[in-house]
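J.: The primary structure of each chain is shown beneath.
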Amino acid sequence: MTRWLVRLHRPALVVWAVALVLVGGTLAWLWGPLTDAAAAAWRQYNACEASTCLYDQDAIIRYKDLYTYATFAVLAVPFLVAAWAGAALTGRELEQHTAELAWTQGVSPTRWLLAKLALPATLVTAGTGLLVLLHHQMWWAGESVIDNTKSWYDPPTFYAGGPITVALALAGLFAGALAGLVLRRSLAALGTAMVATGVLWAGVQWVLPHLWSPVTVVGSLRDQDPPGGGITVSTDLLTASGEHVGGTYCGRSDYPGECSDLYDRLGAVSWSRDHHPLSHYWPLQLTASAIVLAVAVLLALAAFRVTTARTRSASRSAS
Amino acid sequence: MNTGRLRTVLLLHRAALVVWAAFVLGSVAYQVWLTEVTADDVHATLAACRDTPSNYCGLWAAQDYSGPMGWISTFMYYGFWAVAAWSAGALIGRELESGTARLAWTQGVTPARWLADRLTVPALVLVIGGAVFVPVFRWAWSAHRDLMGDNWGFADVFAARGPLVVAYALCALAVGTLTALLVRRALPAMAVAVAVMIVLNRYVEKHRPDLWPTVGSDGGEPPATAWQLGDGLYHPASHFWPLHLIETGIVLAVAALAVAAAFLLLRHRTQPAHPPRQESPA
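Protein sequences appear in the order of chains C and E. Heads up: the first sequence at position 263 corresponds to 246 in this note's numbering, and the numbers run straight through without jumps. Whatever position you read off the second sequence (first residue = 1), add 2 for this note's numbering.
Among the hints, a few may not be true.
Unchecked claim - Restricting the straight-line Cα-Cα distance to at most 25 angstroms, the calculated cross-link-like pairs of lysine-lysine (DSS-like) are:
{"id": "1", "chain 1": "C", "residue 1": "47", "chain 2": "C", "residue 2": "133"}
{"id": "2", "chain 1": "E", "residue 1": "208", "chain 2": "C", "residue 2": "47"}
{"id": "3", "chain 1": "C", "residue 1": "133", "chain 2": "E", "residue 2": "208"}
The hints are simulated quantities; they were obtained by calculation from the structure and are not laboratory data.
Next comes chain E alone, as it looks inside the complex (with noise of 0.2 angstroms):
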């Protein structure tokens, strides 16, 4: 991919970018602070808790900790809603609705082109985005469980542990850019967009713990670290990578299907029935 286009697609989203850097290294930097500045005053306040097994003394104080780390992984996981909108709007709906598309492929840069271009960057930008926030948010989530009283198995916690909360984003992206080149006009394209991934999330996170068999039908005590899921079923923690890695294959995969289908569809477009005359030279 030439440097000159790839610059081009960043600049035209240059807010979009800010907004984005602003919001994980923003989360990253809270992160650190809540995990060895907050944590040490809540620890301090549980001190005076000693020799007192119950689990209420000093639960508000762990609030001050529990409290934000939960809202991190929950604007993570939900960003998806984000950047699908985004994707749809900005990213492919407006140009396709101002025309801008349409001189672009008369500019000698090809549709198919045109489309990778902006599918390629925001796909760069999030994998690093995520590659940064997901390694602290695993390292800041594990450094003291004894203050959280959450669990692996929480949605937002389970996405924001691997690369599945990327994987969403990555669907979102293609998803809205699909919905758009079906749609044709930003607003519109936004909302659908927005709605068909919300579907999508619910639907796959109901069947989230189908996706690996459960443990427990033999009437044994659960684990502390279990995942539980009522009737005595459970997921033992050693199930979070086949869970996580299954769930973000198939995110991945409706990601790849939607690429596919924009491909054809814009190909589809932007080849006329006729091919237009030719105007001889002379």
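Just chain C, same shape as in the assembly (with noise of 0.2 angstroms):
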């Protein structure tokens, strides 16, 4: 059975084994040598004590782009496992009827469909792991020695550094098996997969800040920003007895008639700052994680539903 679905999804698995080997070879590339080469410029411009000095400005071009390049590449792994999955791995053999020979030909539905998911499954768990990974120890390595590089909370970076993306791309495997199983057409499948895809990720970035106690900070009006970096979930201004006072944020409190007198009016005596700090990291990562796959498993459960029920309707009507 497992030959049978390498044989059918050859191409699929040739397509998947070159973007592994060029996305993860360019992750490695950055990794290594071009963090190398971007500390360096950075230390050659950070050493620089005359109006002109010579720096290796490429370096750090070269450092900017491809990460931002690799970074996307990695996001948009979910969106093209789903894709696949609604087109060419469910959805096209109803089309075409060759499901339904299968299952008349001594495979159960449900063997069907689990030897269609397991090894996709498989593969696409491995290798979307292996470019997180890589990825997350890409962006670490260069965030001490490279003055420009993302912070741990750009969304981008936050999402493929971490085992999210790997959940979101079962997810997305998921999703396209039950919609070409539902649509029962190829290409109708593909665009609600990765449609579906694109909602569940939306939903992630939008309960991810709520998904774990933020820590408050208050801190003085004279600072140019709240304190307390990080995932913010909410910014506030507090006045003396501790009322909270929102939406209007200015700027520093001591350039005269600048924010002072807005500040005054408002009664607002100092910031507070609800926000994830770098140690929220791993908690918000994997409770999100979790959710997500509890949801790939609420789509792979109903694409088998669907099977048997499918398949149940099919022998009453024959019969």
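Quick one: dock chain against chain with the hints and give me the complex.
T.: As structure tokens, then:
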């Protein structure tokens, strides 16, 4: 059964292998030589004391460009997996009725679907896991030595370097399989699976800040920005009585006339910000991954239910 | 063109038509809501910021308006990705793959007519959608400039304020068609067509500021509405239409070439090297 699946989807397997080599290779290149070159360029730049200095600007730009491309390539994986699963894995077989043919040939529908999902799920998990791991390590290697690296909470960086993207790729695979089974049309399933993956991803981004209790920091209005970086949940102004006043983010209060008048009028005395510091990285990543995995499992279960329901009704109408 | 065949193409692709209509009308309604309702709420919040010349005050409140406005132009601009995928996959690729195209050609519809129907109907639908969207976007985008942090030189805003956004969609339709005729299989054709359109768009967008001479090499101060390009160079707002129309012309020329190539390829494909043997009537 596995050999049959591999033969049927050989082009997809080749594309996946080539994509892994290309994106994985780029990430490894970024992690090693390109990080070193960009770090050296930043050392040159920071050591500069004259008005004009020679530094390897190309190395910095090359690192930044490739980082952007590689990050978006990793983030695109769940969408491409969903598109493929919807169009090629189940949708096409039901459109051309080869699935029904297999079911009449002694392959039970449940085994048929299990065989179709097991190997792709393994390959998607392993491949996406590898890319995400490389991205994570690569970002950490550059974080302290390259001055213009993205912050850990920059959304593309946060998602491309964590297990959420692996969970999303699995959810995309099962969403595609389910869409193909329900719609029984290859291209309609492709579109539906991609949109479903996009909705799931948007949903994850929306709930993520609320998955762990944030840390509240209170700071002086003399600072340009409210205290505490990381993933912001909310920023407010506090009055002397501890009341929250939201929505009127100005600047620092010690320039006369600029923002101090506003703060006086509102009675604000300090900033208050609810945020997630770096120490919440893993709790947030793992909680969100668990939720996406739960959705993936539900999609897979639904796919099995649709298959058995369909064959039962088919055999009833045949008898 | 015969209206019966026009209706056939519309009926066959009614799902795509519904999605497109919902997208255009939904985004138009959302823009009206943002401009007429949301903007007033934001202005009320901003009123608390009076006497504060700082750009920071109310920045986050303005996000409620500027954020969705930005997404609308982004989705409309990059909609040509979906058009490329759809025309390569659903419009042409599937019919070639499943053999329904060949069937149609034996039923008295010539291949050239068949292709002309499949290009004209979606092209009309795209042009009508653009004709509804673009004027509304132009109105909504300029209604509350004080709440937006963008500028007419932003890639998506630049395209969505005129016919360029439609030109990209038409080019995607043509490129998708040509790709499907070359590859003859829906899924690979979709992937190739989207990739070709992304590369074409990146390339043209990279050279977008070079399509009309820039101003500012004399070190003059750029006006507030200028599209600044670095090194003191900029395009004043009056350069919008020349830049926009030249790029529209370039993209439409690529579309025309792709359409011509598609018809030539189809004729080459469907004209047998040896004419079919004539059966004698007897």
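J.: If a hint holds in the structure, say so; if it does not, say that too.
T.: Here is how each hint holds up against the structure:
no., hint, verdict
1, C/47 / C/133, "holds, 9 angstroms"
2, E/208 / C/47, "holds, 17 angstroms"
3, C/133 / E/208, "holds, 23 angstroms"
In summary, this structure violates none of the numbered hints.
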